[in-house]
Amino acid sequence: MLEGINRIGPFEWEVPVGFVPGMRVPGRFFLSDELSQTLERGAITQLANVATMPGIIRNSLAMPDIHWGYGFPIGGVAAFGLDDGVISPGGVGFDINCGVRILTTPLTRKDLQKKQELIENLFAAVPTGVGAKSTLRLAQKELTGMLSQGAKWAVKQGYGIPDDVLFCEEQGAMEGADPDAVSAKARQRGMPQSGTLGSGNHFLEIQEVAEVYDPKAAEAFGLAAGQICVMIHCGSRGLGHQVCTDYIQILEGATKKYGITLPDRQLACAPLQSPEGQKYFGAMAASANYAWANRQVIMHMVRGVFARMFGLAYEELRLVYDVAHNVAKFEEHRVGGDRRRVCVHRKGATRAFGPGAADLPPAYLSTGQPVIIPGSMGTPSFLLRGTEAAMEKTFGSTCHGAGRVMSRTKAKHALSGNVVRQTLAAEGIIVRAHNPGALADEAPQVYKPSGEVVRVVHEAGISRLVARLTPLGVIKG
Amino acid sequence: MTFRELEHTADVRIRVEAGSLEELFSEAARALMTIMYGVAEVGGLEVPVEVSAHDRESLMHTFLSEVLYISEVRDIVVSGARVTITGNDLTGTLYGEPFSPEKHSSGMEVKGISFSGLSVAHAHDSYTLEVIFDV
Numbered sequence: 001m002l003e004g005i006n007r008i009g010p011f012e013w014e015v016p017v018g019f020v021p022g023m024r025v026p027g028r029f030f031l032s033d034e035l036s037q038t039l040e041r042g043a044i045t046q047l048a049n050v051a052t053m054p055g056i057i058r059n060s061l062a063m064p065d066i067h068w069g070y071g072f073p074i075g076g077v078a079a080f081g082l083d084d085g086v087i088s089p090g091g092v093g094f095d096i097n098c099g100v101r102i103l104t105t106p107l108t109r110k111d112l113q114k115k116q117e118l119i120e121n122l123f124a125a126v127p128t129g130v131g132a133k134s135t136l137r138l139a140q141k142e143l144t145g146m147l148s149q150g151a152k153w154a155v156k157q158g159y160g161i162p163d164d165v166l167f168c169e170e171q172g173a174m175e176g177a178d179p180d181a182v183s184a185k186a187r188q189r190g191m192p193q194s195g196t197l198g199s200g201n202h203f204l205e206i207q208e209v210a211e212v213y214d215p216k217a218a219e220a221f222g223l224a225a226g227q228i229c230v231m232i233h234c235g236s237r238g239l240g241h242q243v244c245t246d247y248i249q250i251l252e253g254a255t256k257k258y259g260i261t262l263p264d265r266q267l268a269c270a271p272l273q274s275p276e277g278q279k280y281f282g283a284m285a286a287s288a289n290y291a292w293a294n295r296q297v298i299m300h301m302v303r304g305v306f307a308r309m310f311g312l313a314y315e316e317l318r319l320v321y322d323v324a325h326n327v328a329k330f331e332e333h334r335v336g337g338d339r340r341r342v343c344v345h346r347k348g349a350t351r352a353f354g355p356g357a358a359d360l361p362p363a364y365l366s367t368g369q370p371v372i373i374p375g376s377m378g379t380p381s382f383l384l385r386g387t388e389a390a391m392e393k394t395f396g397s398t399c400h401g402a403g404r405v406m407s408r409t410k411a412k413h414a415l416s417g418n419v420v421r422q423t424l425a426a427e428g429i430i431v432r433a434h435n436p437g438a439l440a441d442e443a444p445q446v447y448k449p450s451g452e453v454v455r456v457v458h459e460a461g462i463s464r465l466v467a468r469l470t471p472l473g474v475i476k477g
Numbered sequence: 001m002t003f004r005e006l007e008h009t010a011d012v013r014i015r016v017e018a019g020s021l022e023e024l025f026s027e028a029a030r031a032l033m034t035i036m037y038g039v040a041e042v043g044g045l046e047v048p049v050e051v052s053a054h055d056r057e058s059l060m061h062t063f064l065s066e067v068l069y070i071s072e073v074r075d076i077v078v079s080g081a082r083v084t085i086t087g088n089d090l091t092g093t094l095y096g097e098p099f100s101p102e103k104h105s106s107g108m109e110v111k112g113i114s115f116s117g118l119s120v121a122h123a124h125d126s127y128t129l130e131v132i133f134d135v
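Sequences listed follow chains H and W, in order. Counting from 1, one number per residue, gives the positions in the first sequence under the working numbering. Counting from 1, one number per residue, gives the positions in the second sequence under the working numbering.
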């Protein structure tokens, strides 16, 4: 382990105040010995930098998929007081509400005789890749609807059923969204990209429930061993990217205006109560809503393909849940002996509310929130559930994915896209992408083993394993 | 005039070198587009560009963010820029080729330009930029 860091539990580590100058609280992160081999000092410095921000409560936190990002580390979580705290685009990221949803089908593997055709049909139905354009033709008024009402807008437009929104974090639409705070540039980028998957680590995957660890929770989530599921991973596209860019520049000015000293310009922030901070929140929430609408529209396209190919009713593809990975939200948490409303930033982390928490659909009140952890192309994904321990330790948060271990430059030299495709094909996983280079870049070897990351959150108790899902086919951007 | 990729686990970190500040901005734009689209060549399209900031790093950040925006909404793959820089104001022209899915699908989408690790240095006759693109 890196020098200057203290172990405080089998999977918990502390970065003491003083690790970087100006820390207001200690940093804490979750990691196993195995994962600590690839821990970067840059990531811990970023974790410590977050601890210097005004109004931070208790700890600057990081999940076991921690790695070096910009501003906050990826895997970073921090809560700020409403009166003395700040909000920062660097604690959310460029891809606002990059997130993931999973839906179940009534199919099993034996029904997938035409898997290749299924993948091709999905690839044709869902626009993917750099420069891909939407099949939706939105008017400005409709874009405003997306920004203010998120998945609810999509359902009203016929891209889903009313029940879908019950099974989204925030019911698929954050309160406080302010479409007027979204710039004309961001709207211009968002208009032709609604209902597109994007590229990079975004994907659409056909999966099989390979193993159930928690039958009671799996039953509540509507999941059984052998079942075919679909996972959709994407975010707010150019609209969210532009909102982040716009507000980093605005909040850089605010940082100076309010006399806030920061060790990294990417942490530019403004007091939560300031006009600049409130405007960023409104724009960020609107972008988050765009992302929820986006995933809802893509799910509609997926349902269409399955309905046509397998003669299923639209409703037979049921949404289990939809979670955000990059977002800042107002939530109520226990702080000291009191319950306080705080602003929780999650940058590459998943909300993991425990049993009985507000915002859970009635069906999941006794299990806790479903937590969806996507793997990489060849590695399993996991379904977990939120816990009381997460509420106590991490403001109801857990990991979001595997986390990279190999840089893109190394991956390009070490791996060939075609070899990656063939290796996966030999394992029965069909991969479809516009760009073979993207396959090398997102190959299983470039990520930390997803199983080890979820083992840490399971053992640390900040979420509990429910099921493992293995990939059968994947569409990459 | 050249750029190269440096090690970065999650994102793309590049170093760009040029003989003048104007060339550095032009080459940075080409580097961004090459990462994003695989290739960026001269192809007859031109778009005016004008940005201002409060220091040199912010000017680079704002300029590259503008290139990203213009590329996306105008369907242009920028291969360079002719710019004039006066203090912290930049005006000029971006040039490049029309975006084509067949030709430009071998890169990766850049989500944003990071301020973390952004530096513009000047020594003797050369200017050096280091910057991280979120992908």
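Hint data in this document are derived by calculation from the structure and do not stem from the laboratory. One or more of the hints may lead you astray.
To be verified - Now the in silico label distances, taken between C-beta atoms and shown as ranges:
1. R15/W with V17/H: 29 to 39 Å
2. R24/H with R82/W: 30 to 40 Å
3. P275/H with R15/W: 32 to 42 Å
4. R15/W with K133/H: 46 to 56 Å
5. G19/W with E175/H: 46 to 56 Å
6. E452/H with V73/W: 20 to 30 Å
7. K133/H with H54/W: 55 to 65 Å
8. H54/W with G22/H: 17 to 27 Å
9. G42/H with V42/W: 48 to 58 Å
10. E50/W with A426/H: 47 to 57 Å
11. A426/H with T93/W: 43 to 53 Å
Just so it is clear, CB atoms sit at the ideal spot from N, CA and C, and this is done for glycine as well.
We went through each hint and held it up to the structure:
1. R15/W with V17/H: 29 to 39 Å: The hinted range 29 to 39 Å holds for R15/W and V17/H, with Cβ atoms some 34 Å apart.
2. R24/H with R82/W: 30 to 40 Å: Since the Cβ atoms of R24/H and R82/W sit about 47 Å apart, the hinted range of 30 to 40 Å is violated.
3. P275/H with R15/W: 32 to 42 Å: Since P275/H and R15/W have Cβ atoms about 38 Å apart, the given range 32 to 42 Å holds.
4. R15/W with K133/H: 46 to 56 Å: Roughly 33 Å apart at Cβ, these two residues miss the hinted range, so it is violated.
5. G19/W with E175/H: 46 to 56 Å: Holds - the Cβ-Cβ distance for G19/W and E175/H, about 53 Å, lies within 46 to 56 Å.
6. E452/H with V73/W: 20 to 30 Å: Cβ of E452/H to Cβ of V73/W: about 42 Å, so the range 20 to 30 Å is violated.
7. K133/H with H54/W: 55 to 65 Å: violated, 36 Å
8. H54/W with G22/H: 17 to 27 Å: Since H54/W and G22/H have Cβ atoms about 23 Å apart, the given range 17 to 27 Å holds.
9. G42/H with V42/W: 48 to 58 Å: Cβ of G42/H to Cβ of V42/W: about 37 Å, so the range 48 to 58 Å is violated.
10. E50/W with A426/H: 47 to 57 Å: Holds, since E50/W and A426/H (Cβ atoms, about 53 Å apart) stay within the stated range.
11. A426/H with T93/W: 43 to 53 Å: At roughly 51 Å between Cβ atoms, T93/W and A426/H fall inside 43 to 53 Å, so the hint holds.
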